[in-house]
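4 protein chains.
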Amino acid sequence: MTRHKTAMTDQTQHNASQNPDSAAANSMWGGRFSESNAAIMQAINASIDVDKRLYAQDIQGSMAHARMLAKQGIITGDDAEVICKGLAQIKTEIQEGRFVFSQELEDIHMNVEARLKAIVGEPAGRLHTARSRNDQVATDFRLWLRDQIDYSVGQIDKLLTALLDQAEKHAETVMPGYTHLQPAQPVTFGHHLMAYVEMLTRDKERLQDARKRLNRSPLGSAAMAGTGFAIDREATAAALGFDGPTRNSMDAVADRDFALEFLAAGAICLIHLSRLAEELVIWSTPSIGFVTMSDKFSTGSSIMPQKRNPDAAELIRAKPGRLLGAFQTLAVVMKGLPMTYAKDMQEDKEITFAAADALDLSLAAMAGMIEDLTAHPAAMRAACQKGHLTATDLADWLVRELGMPFRDAHHVTGRVVVVADQKDCPIWDLELADLQSVEPRITAQVFEVLSIDASVASRRSFGGTAPERVKAAVAEARARLNV
Amino acid sequence: MTRHKTAMTDQTQHNASQNPDSAAANSMWGGRFSESNAAIMQAINASIDVDKRLYAQDIQGSMAHARMLAKQGIITGDDAEVICKGLAQIKTEIQEGRFVFSQELEDIHMNVEARLKAIVGEPAGRLHTARSRNDQVATDFRLWLRDQIDYSVGQIDKLLTALLDQAEKHAETVMPGYTHLQPAQPVTFGHHLMAYVEMLTRDKERLQDARKRLNRSPLGSAAMAGTGFAIDREATAAALGFDGPTRNSMDAVADRDFALEFLAAGAICLIHLSRLAEELVIWSTPSIGFVTMSDKFSTGSSIMPQKRNPDAAELIRAKPGRLLGAFQTLAVVMKGLPMTYAKDMQEDKEITFAAADALDLSLAAMAGMIEDLTAHPAAMRAACQKGHLTATDLADWLVRELGMPFRDAHHVTGRVVVVADQKDCPIWDLELADLQSVEPRITAQVFEVLSIDASVASRRSFGGTAPERVKAAVAEARARLNV
Amino acid sequence: MTRHKTAMTDQTQHNASQNPDSAAANSMWGGRFSESNAAIMQAINASIDVDKRLYAQDIQGSMAHARMLAKQGIITGDDAEVICKGLAQIKTEIQEGRFVFSQELEDIHMNVEARLKAIVGEPAGRLHTARSRNDQVATDFRLWLRDQIDYSVGQIDKLLTALLDQAEKHAETVMPGYTHLQPAQPVTFGHHLMAYVEMLTRDKERLQDARKRLNRSPLGSAAMAGTGFAIDREATAAALGFDGPTRNSMDAVADRDFALEFLAAGAICLIHLSRLAEELVIWSTPSIGFVTMSDKFSTGSSIMPQKRNPDAAELIRAKPGRLLGAFQTLAVVMKGLPMTYAKDMQEDKEITFAAADALDLSLAAMAGMIEDLTAHPAAMRAACQKGHLTATDLADWLVRELGMPFRDAHHVTGRVVVVADQKDCPIWDLELADLQSVEPRITAQVFEVLSIDASVASRRSFGGTAPERVKAAVAEARARLNV
Amino acid sequence: MTRHKTAMTDQTQHNASQNPDSAAANSMWGGRFSESNAAIMQAINASIDVDKRLYAQDIQGSMAHARMLAKQGIITGDDAEVICKGLAQIKTEIQEGRFVFSQELEDIHMNVEARLKAIVGEPAGRLHTARSRNDQVATDFRLWLRDQIDYSVGQIDKLLTALLDQAEKHAETVMPGYTHLQPAQPVTFGHHLMAYVEMLTRDKERLQDARKRLNRSPLGSAAMAGTGFAIDREATAAALGFDGPTRNSMDAVADRDFALEFLAAGAICLIHLSRLAEELVIWSTPSIGFVTMSDKFSTGSSIMPQKRNPDAAELIRAKPGRLLGAFQTLAVVMKGLPMTYAKDMQEDKEITFAAADALDLSLAAMAGMIEDLTAHPAAMRAACQKGHLTATDLADWLVRELGMPFRDAHHVTGRVVVVADQKDCPIWDLELADLQSVEPRITAQVFEVLSIDASVASRRSFGGTAPERVKAAVAEARARLNV
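Going down the list, the sequences are from chains A, B, C and D. Residue numbers for the first sequence follow this note's numbering, beginning at 1 and rising by one. Residue numbers for the second sequence follow this note's numbering, beginning at 1 and rising by one. Residue numbers for the third sequence follow this note's numbering, beginning at 1 and rising by one. Residue numbers for the fourth sequence follow this note's numbering, beginning at 1 and rising by one.
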C-alpha cells in the first residue's frame, strides 16, 4: 500500500532530516536526560504548530513579567529593557513571517526564549526567574481567550444589527407561526426574527460572564507552589489588564474552566444559529419559498445545472457539532486529572482554537446571510391560508363574548375546524350559518377577529406578535444592546 | 425468548388494561381526532412519569395565573378562589400520595387540570384562558430549576465548609506537590485543598449566573404568539419571584438555554469533584497512604475479605459522565429545531432531573467524605523524601545569591540532582563538597533553603503555599463566601 | 425553601426509617468494618433499583455455576440441587412481584443470595465459591445485552418489513428527490424509502457483530485473577449459550466494550431514524403535504384546536440524543480507569438500560408510523413541477446525442434553466425554439427525456431509481433479509 | 484591539488579493449565478485545505471511472487514455509539491478537474459524465478510510507485538493485582499486560468489521438518483477493490455511517490505551515505582530540574477526548438530516482526518513506550507485602479443606485480617496460633497457599494468572493474531 500519511510521517521526517544533531536533548530541561526523545515522541509532544498562535500574548506576558522583576529588584532595569527590546523584535519577526519555528523547541514559549537568547544573550536566561511554563501558558491562553471573547461578542453584535434591521423592516409582514412545523397562529416575520435577538442576547451575556470569570492572572503561580522571590503579582495582573491575580497557585496552573465555559457558551450560541439555519433551509425550499438567500451565500451543483443550494446555511447548521465535540473533548481530558498540571492539558488549545474559528465563521456568515436575505411577504401571507391559523382567536372570542370556559370553547372551535375542512376552506371563509350550526350563539361580530391581520394585531400582550409590540421591541433592543 | 422487557412493555400493558375505554381520544385536545393513539404512541408520548416531579411548580404557576386573570377581570374573583382552593387540595393529595396519575392524560398539566375539573367543575375550564401548555411547561421547568440551583448552591456551600475546615487544620501539613503525578515541589495539604475551594467558588458563580439568566417568566406567551386577552405578565412574574417577563413570546416557548447552561455548569462542577475523587483514590492506595476514608464511605469485597474500597470516591469520579451525557443529549435535541415548540423538547426534563440528582448526590457524598477524611501527615512528609522536591529552591538560591541566570541555575541544579541520584539521597542530604563539585561558589548557607519546611515557608507570593498564606486564604474565603 | 427533593432525600429517609438496625454493617463484605455506611453513601452506592432488571440473568448464571461446581466435585450434587430449586423459587417470587428488594443489600446479586440463604440455609453460602461479584455482574450484563440485541434486531426487522411494504406499493410513485432540501432529480417514493432499508440493514449487521463479540463468558474469572478451584469454564459458557470463555481474567472483569459497542451501534441506528423522522415532519407540513400520519401517531394542541402534530416523529427525532449521551457517559466513565474493576463501572447499567428502551421504543413507533403512513402521490407529483428536475437529463442528452463534453452540456443546460425561469415554466414546457435559442442543434427528440416519468424510468443503473430497479431491490432485500 | 485572527481573515485576504477576478462565478456550477460568493462564504464553503488529503483516492477513482466509460462506449478509448495520463501527471505534481491548490475551486475534485482541463483540454470535460461530486466524494472518502483502517490495524499489530514480548518476559513477575486501585490478589505482570492484548484484539476486529461494511462502491450513484448512461458499476467497484456497488443511490450519497463506525471503534481503542496510559503514569510515580519509561518517552521541566515526566503516557491518556469529540461532532451533524446529500456533511472529513491522526499517533507512541519499558520486579514484589493479597486463598483453603461455606470462610478470613492488621504484618507472617485463635481447625498446611508465589501458581483456571497460563496465552495469541 502506498499510503499518503501526510500529517504525521512527513512532519517527523522533515524534522529528523532538518536536525541531524537532534540527538542532543532539549536545551531547556534536558540536563539530566541521557537520551533524546523518539521521533514519535516529538510528534506527539510538540505543540508549536498549534500554540504559535499565542505568540503575541506570550510576548506581552513576558514583557510584563520582566518589567515587574526589574521593579522588584529581582533583575536589573537594564536587563529588563534589553529583554523587552528583544521580545519586541521577535514579535515583528513573527508578524512579518521571518521567524523560523522549531518543533524541537516544543512550544511557543521555548521558541521565543531560544530566539531571545540568540538576540540578547545572557539576560534572556534571567527572564524565566520566578516563572514556569505552567503559569506562563495559563496566562497566555487566558489573554488569548479574552481577546477571542471580545471578538466573538463583536460578531454577535453585527448579527444582532442585521436581525434588528430585518425585524424592523418586517414588523408587519405576516407569516404562519409554527409549532411542530405545523402552522399554529399567525405571527409577523419581524417577531419571528426577534426571537433570535433574544437568544443571541443571552449568548452575549454568557460570553461576558465567562470573560469576567477568566480575567484573573495566573502569572506568578510558577510551577504550582508559588515562588520565594518577592514578586508583585498585582502589578503583572494590572499590566496585562486582568482584574487581579488568581488566589491559589495550584488551581491557577491546573484550571481550564475558562476554556470549558467558553466552549459551552459557544456551543449554545451555535445551537441557536443552527435553528435559524434550519429555518432558512426550509424556508428556501421551493414549496415554501418564504425567502431567497443571495447568490453570495448560495452555490450550484456540478451535475444539476438548475440547483441553487443554501450551502452557507447548511454549514452553519452543522457547526454546533464542532463546538459540542470540542467541549466533550476538553471535558474528557480534564475529567479525573489529579492536581496539578498534567500534559493531558496540552490538548486544550488546538480544540479551542478550532472551535473559536468555527464560532466566528458561523456568526460572520449568518450576519451576511441575514443582511442579504430577501423575504417574500406574498408567499408568507399565502401560506397563512392553510391550517386555520386563527382558530385560537375564535376560541378566545367564545370565551370573551359568550363567557364560555376555555375548554368548552376549544371543543367548539375543534368542531368548526372539522366543518371548514369538509368545505375545504379556512374557518374565516365559512358562512355565519356554518358557525352557528356548531354554536348558535356565534354572531357576525366574530369575523372581526378571524382575519390574519386582526389576529396578529390583537396579540398585544408584552412579548406578543402585534406589529406595534415588535416595533417597540426593536427599539428597546437597540437601546439596550447598543447596536 | 422469554425476555423480561420490564420498562416499556409492562407499562404499556398496564395502561391498556387499566383503561378499557382508552379508545376515547384525549379529552384536552382530541376533539377532531377520529382514532385514539396507539399504545406505543402513548408510551413514547406520555411524560407524566417524569414531569410529575413538577407538580408543585405547576400548581404554583396556575394559582398565580388564576389570580392575575381575576385581577384583570378575565375571570371572576370567585372562580379564581375556587380554582386556587382546588389546586391547593390537589397539592395536598399529591404530597400525601393519594393522587392517581394517569398516563392517558399525558403530563402533569393535564393530570392536574382534569383533577381540578373533577373537584371544582366548570371554573376549571376557565383556567386555561390566555395560556397554553407551551408557556405553562416553560414556566414550571424554570421554577423547578431555580429551586434546584438554590439547592445545589447550598450543597456546594457545605462542601466548601468541609474543605475549608480541613484546609485550616492542615495549613502546615507538608506533602509533595505533583505535576504529571511526579513529585514537584513541597506544598501543604491545606494549600492543596484550597485549590478545590477555588474551583467550587467558580462553580457556584456559574450556577448563580445561570439562575440570573433563567429568572424571567414565560407565562403569558401562550402558544407562541402572545395573547389578545388583557393579561398582566408583570404581575404573574412578580408573584412567582421572577425578575420580569420574557421579552419575546416565540423565544419563550422555544428556549431551553437555561437547562443547557445548568447542565454545562453542573458538568464542570463534577469534573472538579472527579479530580478530587481521583486524588482520594490514589491517596488511599496503600503504597501512597496519605488518607483514609471513613468506614461510612468505604465498602468491602464479596470475595476478598481484606478489601477496603473507596467506592464513594469512584462513583463521584464517574458522575461527570452523566452530566456530560445529559448536556450532549439536550444539545443534540435542540440543535437545528425550527421555531417554536417541537415535541423533541419533551426530552428536556428527564435528563435534567437525573443530572440534577447526580450532581446533588455527588456534592453531598463528597462533603461527607471530606468531613470524615483522616489525613496521615507522617506518610505525606515521608513521601517528600523522594523526588528532590526542593531542587527549584536550589536553583532560585543560585539565581539570588550568585546572580546566575535562571537557565544556568537550572542546569547546575540538574547536575546536582544527578549526583544525589548516584548517592541515592535527596539533594539536601548531600555534603557541601558534593554541591561544590558541581558549582564551587555554593556555600553552606544553601542548606537553609533546601529543607522541605524552609521551601514551603518561603513560597509567600500571593496565592503561594506558605502556611501563613494558606491560613490567610482560608480566612479570606470564609469571609467572602460566607460559609 | 420548601423544595420537593423526591428522588434522593425521600428514598434515603425511607431506607433510614425502614431499617432501624442499619447500623449493622453489610453482611456480605462488612466483617472488618467498624461503622456502617452513611445514608448518603448507601444512596450513591446501591444499585438495586437499577440492576434488579438483571434478575433473570443473575439466576440463570448462578444455576449454571452451581451445576458446574457440583459436576467438578467442588460442592455436592445435593447442594447444587437445593440451590437451583431455591433460585427457581426466587425467580418466581420476582416475576410475581412478591420479592422484597432491599437497598441495604446493594445489588441484585446480594439480594438474591440473601434470599437464597433464607430459603435453603447453609448451601447458599457455598454458591459463591470460585466466583466474585466482578465476574458475576459481567456475566449477567452480557447475557442481558445479548437478549436485548436479539430483541432490537427483531424490532429492526419489523421496521424493515414496513418499509419494504410501502416501498413496493410506491415503486412507481414519483416525487422530487432532494439534495440540500432543494429539488434535484425526480425519484420514486419507493426508492426513497429503500435508502432507509439500506441504513437499517447496516444497523442490524452492526448489532450482530456486537453480539458476536460479546458472546464470551466471563464466569470463572473470579475477582480478577482466576481461581485455584478446578472449575470448568467451558461448561458454564456452554450452559449459558456463550461461544466460550473469555481469555484473560483481568480483562474479563474490567471490560465494558460490549456496552459501548451496543450504544454506538444504537446511536447510529437512531440517527437513521431521526433522518426519516425529520422527513416525516417536513413532508407533513401543509405546504408540502406529501404524507399524513395516522391519528394513532399524531396529537393535538391544548390551545389550538385545529392542530395535528407529528409528535411521534418528533420524539423519535430527539432520541439519538439519548443514545449519544449514553455512549458519551459510559465512555467518560471508562476512560483512564486502571485495571481492573472499579466502582465507576457501576454506572454502566442504568444508562444502557435507558438507552435500550429508547432504541426499542423508537423502532416500534417508527414501524407503526410507517405501516400506517398515507402517502399523497398527487402532491408529490405536483411538487415535481418546481425546480426543473430533469435538467440533468437535458445535459445528459446533449452529451449523448450531440457528443458535447459534460461540462459544456452543463453550461448549456444552465442557460436553458434561465430561459425557463424567465418564462416561469419548467424546462419541459419550453418551446423547441426556446431550446434552440440556447443551442441550435437541439431537436424535438429531446422532449422524450425531459418528462418526469421518462427521467425516472431512465435511471436503470444498478441502485438507481427506475421503478423496475426499485421493485427488484425490494424483492432482493426481502429474500436476503428474510423479512 | 490588535487581534491576530490568523485562521480566517488572513486566508480570505490572501485569496482576495491572489484572485483579482474572483468576481467571476465558479466555473463548474456558476452558470446561472449573477453574483460571486462572499469572501466569508468562500471561507466557510471551501474544503480544499482539508480534502486535498484525498488526492490520491480522487485520481484513483477518476481513472477507474474513465476506463469504465470507455469500456462501455460512453467516451472513446482515446479520451480515457488522455484523461488517465493527465491524471497521472497531476498525481506526480501533487506528490512533488508542484501543484497549486486554489480555494476558489472549492475542493479537491474541482482542483483536479480544472488542472486536467488545462493539461488535456476538451476530454477533461467528458470525465464528469454519469458522475456527480456526490458519489465521487463518497467514493474517495471510503477509499481513504479503507487505507486508514488497514494502516491502523497495522499499528495495532505493532503494539500487540510489544505487549506480547513484555508479557512473555514477565510471565512470572509477580505484582499486586488491583481492584478499586486497592491491592486485591497477586497477579503476574505478564497477565496484566495480556488484558490489553485482549482489548486490542477486539479493537482490531471492530475495525475490520467496519472495513467490511464500508467496502462497497458508491460510484455511479451520480447526484442521488442513479444515471441513464449504461455504466457498469460492478466494473468500477472491482477496479477500486470494493466488494461490489452500493445498493441504493440515495443512501450511497447520504450515508456517512462508515466514518461514524470508524470513529466509535477508534474511540473505544483509545479508551483502552488511556487505561494503560493511566497505569503507566501511576506506576511511574516514585511511591509506586513499578516501571520506568525510557528517556525517549519522558520529558523534563523548565523550572524543576529534577523532574522526569511521563508526557507521552499523559498525551495518550488525553487522546480519547479527540475521538469521542469527533464522533459526537459527526453524529450531531448527521442527526436529523433529510435525504440526500446536504452540505452539512462536508464537516465529515476534517474531523475524521484529525481523529485518525490522533489514533495512529497514540498507537505508535504506546508501542514505542511498551517496547522501551523497564519493569522493576523487585518493587512490584515489595508492593505485594501490603494488602493481605492472599486473603482469598485463605478463604478458599477454608472452603476446600474444612468444608466451610464460602460466606463463612469469608468472615473467618476477615477476622484474620483484623488480627494481622493489629500485628502490622501480612497474614502469611502470622503465627499458626494467631490463625487458630480465629478458627481452631486451621492447620500449618495453610501456609502452603498463603505465599504470593503459591497464590499466583494456583490460579490455573482458563484465563487465570498462573505463569504457565500466561505463557500459554502468549503463545496462543501469537499464533492466532499472526503477530
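It is possible that some hints are incorrect.
Pairs count within a copy or across copies, as identical chains cannot be separated in the list.
[Stated by the list, open to error] Quick list of in silico lysine-lysine cross-link-like pairs, DSSO-like style, CA-CA up to 30 Å:
id: 1; residue 1: 117; residue 2: 296
id: 2; residue 1: 158; residue 2: 296
id: 3; residue 1: 212; residue 2: 52
id: 4; residue 1: 212; residue 2: 117
id: 5; residue 1: 71; residue 2: 386
id: 6; residue 1: 158; residue 2: 117
id: 7; residue 1: 386; residue 2: 52
id: 8; residue 1: 423; residue 2: 296
id: 9; residue 1: 158; residue 2: 169
id: 10; residue 1: 386; residue 2: 169
id: 11; residue 1: 386; residue 2: 296
id: 12; residue 1: 52; residue 2: 296
id: 13; residue 1: 423; residue 2: 386
id: 14; residue 1: 117; residue 2: 85
id: 15; residue 1: 158; residue 2: 212
id: 16; residue 1: 471; residue 2: 71
id: 17; residue 1: 423; residue 2: 212
id: 18; residue 1: 117; residue 2: 52
id: 19; residue 1: 158; residue 2: 52
id: 20; residue 1: 91; residue 2: 117
Bear in mind the hints are in silico, worked out from the structure with no lab data behind them.
Okay, the hints, checked on the actual structure:
Taking CA atoms no more than 30 Å apart as the test, residue 117 paired with residue 296 passes between copies only; the shortest distance there is 26 Å, against 50 Å inside one copy. Within a single copy, residue 158 and residue 296 get their C-alpha atoms as close as 18 Å, which meets the 30 Å cut-off; across copies the closest is 46 Å, which misses it. In this homomeric assembly, residue 212 and residue 52 come within 30 Å of each other (Cα to Cα) only inside a single copy, at 25 Å, whereas the closest approach across copies is 38 Å. Taking the shortest alpha-carbon separations for residue 212 and residue 117, neither the intra-copy value of 36 Å nor the inter-copy value of 50 Å comes in at or below 30 Å.
For a Cα distance limit of 30 Å, the shortest separation of residue 71 from residue 386 qualifies neither inside one copy, at 75 Å, nor across copies, at 36 Å. Taking CA atoms no more than 30 Å apart as the test, residue 158 paired with residue 117 passes in neither setting, with 44 Å inside one copy and 42 Å between copies. Neither within a single protomer nor between protomers do residue 386 and residue 52 lie at most 30 Å apart by alpha-carbon distance, with minima of 57 Å and 36 Å respectively. Within a single copy, residue 423 and residue 296 get their C-alpha atoms only as close as 45 Å, which misses the 30 Å cut-off; across copies the closest is 24 Å, which meets it.
Proximity of residue 158 to residue 169 under the C-alpha cut-off of 30 Å is restricted to the intra-copy arrangement: shortest distance 17 Å within a copy versus 51 Å between copies. Taking the closest pair of Cα atoms, residue 386 and residue 169 come within 30 Å of each other both inside a single copy (25 Å) and across two copies (29 Å). Only between protomers do residue 386 and residue 296 lie at most 30 Å apart by alpha-carbon distance; the minimum there is 23 Å, versus 32 Å within a single protomer. Taking CA atoms no more than 30 Å apart as the test, residue 52 paired with residue 296 passes between copies only; the shortest distance there is 24 Å, against 33 Å inside one copy.
Proximity of residue 423 to residue 386 under the C-alpha cut-off of 30 Å is found in both arrangements, the shortest distances being 13 Å within a copy and 28 Å between copies. Taking CA atoms no more than 30 Å apart as the test, residue 117 paired with residue 85 passes inside one copy only; the shortest distance there is 12 Å, against 53 Å between copies. In this assembly of identical chains, residue 158 and residue 212 lie within 30 Å of each other by CA distance both inside one copy and across copies; the values are 22 Å within and 25 Å between. In this assembly of identical chains, residue 471 and residue 71 lie within 30 Å of each other by CA distance solely across copies; the values are 28 Å between and 57 Å within a copy.
Taking the closest pair of Cα atoms, residue 423 and residue 212 never come within 30 Å of each other, the shortest separation being 61 Å inside a single copy and 51 Å across copies. Proximity of residue 117 to residue 52 under the C-alpha cut-off of 30 Å is restricted to the intra-copy arrangement: shortest distance 18 Å within a copy versus 39 Å between copies. For the homomeric pair residue 158 and residue 52, the shortest alpha-carbon distance inside one copy (29 Å) is at most 30 Å, but the shortest distance between copies (33 Å) is not. For the homomeric pair residue 91 and residue 117, the shortest alpha-carbon distance inside one copy (14 Å) is at most 30 Å, but the shortest distance between copies (44 Å) is not.
Against the hints set out earlier in the document, violations occur for numbers 4, 5, 6, 7, 17.
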